[in-house]
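**Q** Residue numbers (our numbering), protein chains in the order written: chain A, 337 to 816; chain B, 337 to 816.
By construction, these hints were calculated from the structure, which means they are not laboratory data.
Misleading hints may appear alongside valid ones.
Identical copies carry no separate label here, and so any pair may be met within one copy or between two of them.
[Said to hold, decoys possible] With a cut-off of at most 25 angstroms between alpha-carbon atoms, the simulated PhoX-like pairs for lysine-lysine come out as follows:
#1 K804 <-> K539
#2 K473 <-> K365
#3 K365 <-> K777
#4 K364 <-> K400
#5 K393 <-> K640
#6 K539 <-> K657
2 protein chains.
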Amino acid sequence: MAKNNAKMVEQITSMDVDFGQWYTDVVKKAELVDYSGVKGCMIIRPYGYAIWENIQKDLDARFKACGHENVYMPMFIPESLLQKETDHVEGFAPECAIVTIGGQNKLSERLIVRPTSETLFCDHFKKIIQSYRDLPKLYNQWCNVVRWEKTTRPFLRTSEFLWQEGHTMHETEEEAREETQRMLKVYEDFYAETLAIPAYTGKKTEKEKFAGAEETYTIEPMMHNGVALQGGTSHYFGDGFAKAFDITFTARDNTQKHPHQTSWGLSTRSIGAIIMTHGDDNGLILPPRVAPIQVAMIPVAQHKEGVLEKAAEIRDRLAKKFRVKLDDSDNSTGWKFSQYEMKGVPLRLELGPRDIENNSCVLVSRVTREKTFVSLDNIEEAVEAALAAVHNELYERALKNRTERTFEARSREEFLDIAANKEGYIKAMWCGETACEEELKDVTGGVKSRCIPFVEDHLSDTCVCCGKPARHMVIWGRQY
Amino acid sequence: MAKNNAKMVEQITSMDVDFGQWYTDVVKKAELVDYSGVKGCMIIRPYGYAIWENIQKDLDARFKACGHENVYMPMFIPESLLQKETDHVEGFAPECAIVTIGGQNKLSERLIVRPTSETLFCDHFKKIIQSYRDLPKLYNQWCNVVRWEKTTRPFLRTSEFLWQEGHTMHETEEEAREETQRMLKVYEDFYAETLAIPAYTGKKTEKEKFAGAEETYTIEPMMHNGVALQGGTSHYFGDGFAKAFDITFTARDNTQKHPHQTSWGLSTRSIGAIIMTHGDDNGLILPPRVAPIQVAMIPVAQHKEGVLEKAAEIRDRLAKKFRVKLDDSDNSTGWKFSQYEMKGVPLRLELGPRDIENNSCVLVSRVTREKTFVSLDNIEEAVEAALAAVHNELYERALKNRTERTFEARSREEFLDIAANKEGYIKAMWCGETACEEELKDVTGGVKSRCIPFVEDHLSDTCVCCGKPARHMVIWGRQY
Numbered sequence: 337m338a339k340n341n342a343k344m345v346e347q348i349t350s351m352d353v354d355f356g357q358w359y360t361d362v363v364k365k366a367e368l369v370d371y372s373g374v375k376g377c378m379i380i381r382p383y384g385y386a387i388w389e390n391i392q393k394d395l396d397a398r399f400k401a402c403g404h405e406n407v408y409m410p411m412f413i414p415e416s417l418l419q420k421e422t423d424h425v426e427g428f429a430p431e432c433a434i435v436t437i438g439g440q441n442k443l444s445e446r447l448i449v450r451p452t453s454e455t456l457f458c459d460h461f462k463k464i465i466q467s468y469r470d471l472p473k474l475y476n477q478w479c480n481v482v483r484w485e486k487t488t489r490p491f492l493r494t495s496e497f498l499w500q501e502g503h504t505m506h507e508t509e510e511e512a513r514e515e516t517q518r519m520l521k522v523y524e525d526f527y528a529e530t531l532a533i534p535a536y537t538g539k540k541t542e543k544e545k546f547a548g549a550e551e552t553y554t555i556e557p558m559m560h561n562g563v564a565l566q567g568g569t570s571h572y573f574g575d576g577f578a579k580a581f582d583i584t585f586t587a588r589d590n591t592q593k594h595p596h597q598t599s600w601g602l603s604t605r606s607i608g609a610i611i612m613t614h615g616d617d618n619g620l621i622l623p624p625r626v627a628p629i630q631v632a633m634i635p636v637a638q639h640k641e642g643v644l645e646k647a648a649e650i651r652d653r654l655a656k657k658f659r660v661k662l663d664d665s666d667n668s669t670g671w672k673f674s675q676y677e678m679k680g681v682p683l684r685l686e687l688g689p690r691d692i693e694n695n696s697c698v699l700v701s702r703v704t705r706e707k708t709f710v711s712l713d714n715i716e717e718a719v720e721a722a723l724a725a726v727h728n729e730l731y732e733r734a735l736k737n738r739t740e741r742t743f744e745a746r747s748r749e750e751f752l753d754i755a756a757n758k759e760g761y762i763k764a765m766w767c768g769e770t771a772c773e774e775e776l777k778d779v780t781g782g783v784k785s786r787c788i789p790f791v792e793d794h795l796s797d798t799c800v801c802c803g804k805p806a807r808h809m810v811i812w813g814r815q816y
Numbered sequence: 337m338a339k340n341n342a343k344m345v346e347q348i349t350s351m352d353v354d355f356g357q358w359y360t361d362v363v364k365k366a367e368l369v370d371y372s373g374v375k376g377c378m379i380i381r382p383y384g385y386a387i388w389e390n391i392q393k394d395l396d397a398r399f400k401a402c403g404h405e406n407v408y409m410p411m412f413i414p415e416s417l418l419q420k421e422t423d424h425v426e427g428f429a430p431e432c433a434i435v436t437i438g439g440q441n442k443l444s445e446r447l448i449v450r451p452t453s454e455t456l457f458c459d460h461f462k463k464i465i466q467s468y469r470d471l472p473k474l475y476n477q478w479c480n481v482v483r484w485e486k487t488t489r490p491f492l493r494t495s496e497f498l499w500q501e502g503h504t505m506h507e508t509e510e511e512a513r514e515e516t517q518r519m520l521k522v523y524e525d526f527y528a529e530t531l532a533i534p535a536y537t538g539k540k541t542e543k544e545k546f547a548g549a550e551e552t553y554t555i556e557p558m559m560h561n562g563v564a565l566q567g568g569t570s571h572y573f574g575d576g577f578a579k580a581f582d583i584t585f586t587a588r589d590n591t592q593k594h595p596h597q598t599s600w601g602l603s604t605r606s607i608g609a610i611i612m613t614h615g616d617d618n619g620l621i622l623p624p625r626v627a628p629i630q631v632a633m634i635p636v637a638q639h640k641e642g643v644l645e646k647a648a649e650i651r652d653r654l655a656k657k658f659r660v661k662l663d664d665s666d667n668s669t670g671w672k673f674s675q676y677e678m679k680g681v682p683l684r685l686e687l688g689p690r691d692i693e694n695n696s697c698v699l700v701s702r703v704t705r706e707k708t709f710v711s712l713d714n715i716e717e718a719v720e721a722a723l724a725a726v727h728n729e730l731y732e733r734a735l736k737n738r739t740e741r742t743f744e745a746r747s748r749e750e751f752l753d754i755a756a757n758k759e760g761y762i763k764a765m766w767c768g769e770t771a772c773e774e775e776l777k778d779v780t781g782g783v784k785s786r787c788i789p790f791v792e793d794h795l796s797d798t799c800v801c802c803g804k805p806a807r808h809m810v811i812w813g814r815q816y
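Please model the entire structure based on the sequences and the hints provided.
**A** Written out as structure tokens, the structure reads:
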């Protein structure tokens with residue numbers, strides 16, 4: 337193995353000093369992304385893309401398990417098609433990238449690079465849905481989309497990003513509403529079971545809902561510093577698009593009806609959620625189920641006879657069940673320790689001459705840094721248990737952070753005090769008026785409604801903003 | 337199950353009557369694609385996209401097995417970046433889609449929707465390659481690309497298509513040349529082992545090589561009607577791009593050198609190759625390794641007691657190893673037979689009351705239509721063997737077709753005669769001059785050089801076009 341020039345693991349800014357700089361350091365130094373010469377667009381490097389591949393594999397299996405099929409729509413939307421649903425075009429027009437030239441000629445109709453694909457799916461649904469027998473249509477697509485952004489941050493906000501967008505059509509409102517909730521639950525389970533991230537879920541207010549939707553549901557995980565990240569959304573459209581696109585079907589009672597529609601999406605932003613929920617001052621911490629390397633094997637005193645051979649043997653055993661990397665380069669052991677810590681590998685396995693003598697090795701959790709001596713006889717079971725423990729440790733830690741950083745405000749003064757002095761979510765009552773949301777955002781410099789949770793606490797009778805009767809308890813927070 | 341309205345399997349134009357119409361009928365009626373409102377762009381429907389997913393899974397494993405990592409580059413290329421390599425921009429400029437507006441403002445620099453990503457990779461390589469220790473870089477990306485086309489056909493030629501593009505950088509010319517050949521071989525194996533398609537491979541002439549490459553290698557399967565389809569290409573770039581992008585590294589001898597580069601790509605056009613190589617007048621025939629449904633189970637007399645229960649039991653057993661679909665709808669058995677034939681399902685399994693009594697079922701190959709009675713005891717093994725047989729039957733049939741449709745021409749007259757009267761490839765000697773390629777294309781109305789195969793026959797001493805001394809034997813053919 338070639339000698340590495342840079343023996344020092346590069347320094348990462350401390351989270352407490354500057355969380356934003358910490359994030360930038362981590363994504364760069366762990367080699368998740370690189371900046372490109374294209375304004376607002378990122379390069380996803382192998383280590384970052386491998387996380388996305390693991391996310392895709394996991395989510396795709398969840399989608400298919402409930403009957404969804406993948407398709408691929410064109411990336412261009414003729415301008416007239418985007419304009420068919422009024423609210424939709426108003427929401428997206430300001431952030432479109434537009435192709436005006438093709439094959440050296442000015443196009444007769446401008447093409448929008450898809451910011452989302454409701455309009456394309458509707459155009460197709462119109463052709464393939466004739467009868468109730470053609471329903472439901474349960475489609476999903478994995479693709480890139482473009483939303484022109486002024487200020488960008490890798491994974492969190494980029495002009496181009498990768499995502500999946502589900503688009504479904506149903507015979508009845510009830511079925512479509514069920515689908516909307518089902519897919520929100522899929523996202524919630526995915527965040528908890530795969531990313532080890534607990535999250536509040538609920539309904540978006542009118543102001544915050546998706547352009548063209550009747551209702552938008554959201555999953556709102558809290559980052560380590562108390563800031564919210566919209567982790568995924570699921571929309572119920574009613575028959576608004578179906579009417580705009582003139583999609584009808586012959587119903588069981590032989591009348592012509594409009595189908596009811598949903599869409600739901602989750603993007604590479606979820607990688608930002610992983611980084612900011614779990615990371616620490618030593619770098620990334622990756623949840624085992626999506627970590628490109630689950631176990632970093634570091635041989636100790638690897639020049640001694642038999643060490644590398646034994647390490648390779650153990651590596652081969654583990655590789656049957658886990659994503660394992662044996663680092664037998666001639667970098668120092670200390671450097672390797674720091675390097676794989678920085679890259680967030682959930683589990684380190686150390687193996688030296690004395691361990692081999694004792695038929696054992698050492699497992700070290702990236703989260704607790706606890707060392708465990710385990711027998712080589714049952715190393716597969718030990719690694720499996722240790723990875724499960726890392727997952728649970730991450731989840732519990734994130735849950736504790738969220739609990740500690742979720743505050744209740746029963747008055748305007750309390751709300752403003754928390755917004756000014758604490759970092760986290762605020763639970764507070766709200767009258768239901770957009771004006772109050774806007775006022776609270778203005779006076780706090782950015783605290784917005786995250787969602788109306790499915791189970792609302794009754795904190796008081798009045799809106800914290802205007803004092804009028806409260807209609808809902810809302811979770812509020814600053815956002816990425 | 338709902339009663340199907342359309343009891344008739346839709347008619348497909350006979351191949352011999354009109355191969356082009358046959359193709360259009362098959363892609364539409366087997367529900368592989370739909371036309372979109374976007375000129376030149378196709379919608380890939382679930383059945384078509386499932387084939388692409390199987391192709392991706394198979395190829396991706398082959399790439400990773402030889403050390404490649406997946407990444408994601410931006411979809412936009414700043415115009416100045418595309419212009420850095422002269423030949424490259426000349427080749428691609430005529431077919432670019434160009435974004436001129438972003439976020440409601442005219443862009444200061446126009447953005448090209450990627451037609452291929454050499455320039456973006458080079459821009460990134462420049463940043464991450466400093467030393468020979470950073471080499472090789474073995475990258476691949478799965479994405480959409482756009483090449484503006486005037487006349488389009490689903491899968492074969494569309495303005496947007498899906499593909500993978502590998503981009504690698506190497507310390508030496510030798511290593512890069514090896515990589516170019518290695519990846520061509522990966523494509524050849526993939527076509528043979530996964531798609532059951534035999535293919536000629538070889539080098540492209542100067543005229544036909546990729547814009548900016550030193551050498552282009554190609555895989556050229558022959559379609560059923562004798563027309564060629566370029567199935568994948570692998571390019572050796574030398575250090576041309578590296579020089580244009582000023583990419584250097586510190587070599588082992590401490591001097592600054594330019595790395596040597598390759599790229600290689602395979603697209604959704606490969607689905608067109610499957611359709612046109614294997615299909616027949618009854619529709620698609622899908623090679624088992626990429627077929628979304630490998631076994632269509634059709635219960636016979638399904639209203640009789642126990643038939644559907646037994647069928648479901650067998651389905652559950654088979655589903656552990658195969659992609660199986662049990663059709664228990666109330667469509668007629670005859671309709672089901674035709675439907676799954678049309679959709680190209682490689683194997684049909686029939687199960688009726690008498691079969692159940694005999695503890696057996698019937699397997700029918702989509703290729704030979706041969707019926708085999710097999711015991712239910714070892715149904716998994718029987719299905720496995722039958723699918724392997726279908727694969728081999730398809731491969732042998734395609735090979736036979738290719739052999740029968742490959743002709744040798746030793747003179748200009750022979751060449752023109754074959755070009756005018758036969759459908760297939762022509763092997764003929766060539767002087768090496770582009771002028772002769774162009775002349776042959778003109779006088780034949782479209783016969784072009786496909787490749788110079790790795791092993792050339794010596795058919796004569798002179799070029800079939802100009803009569804000057806021959807330098808190579810070339811395989812010629814019309815193309816999609």
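**Q** Tell me, which hint numbers fail for this structure?
**A** 3, 5, 6
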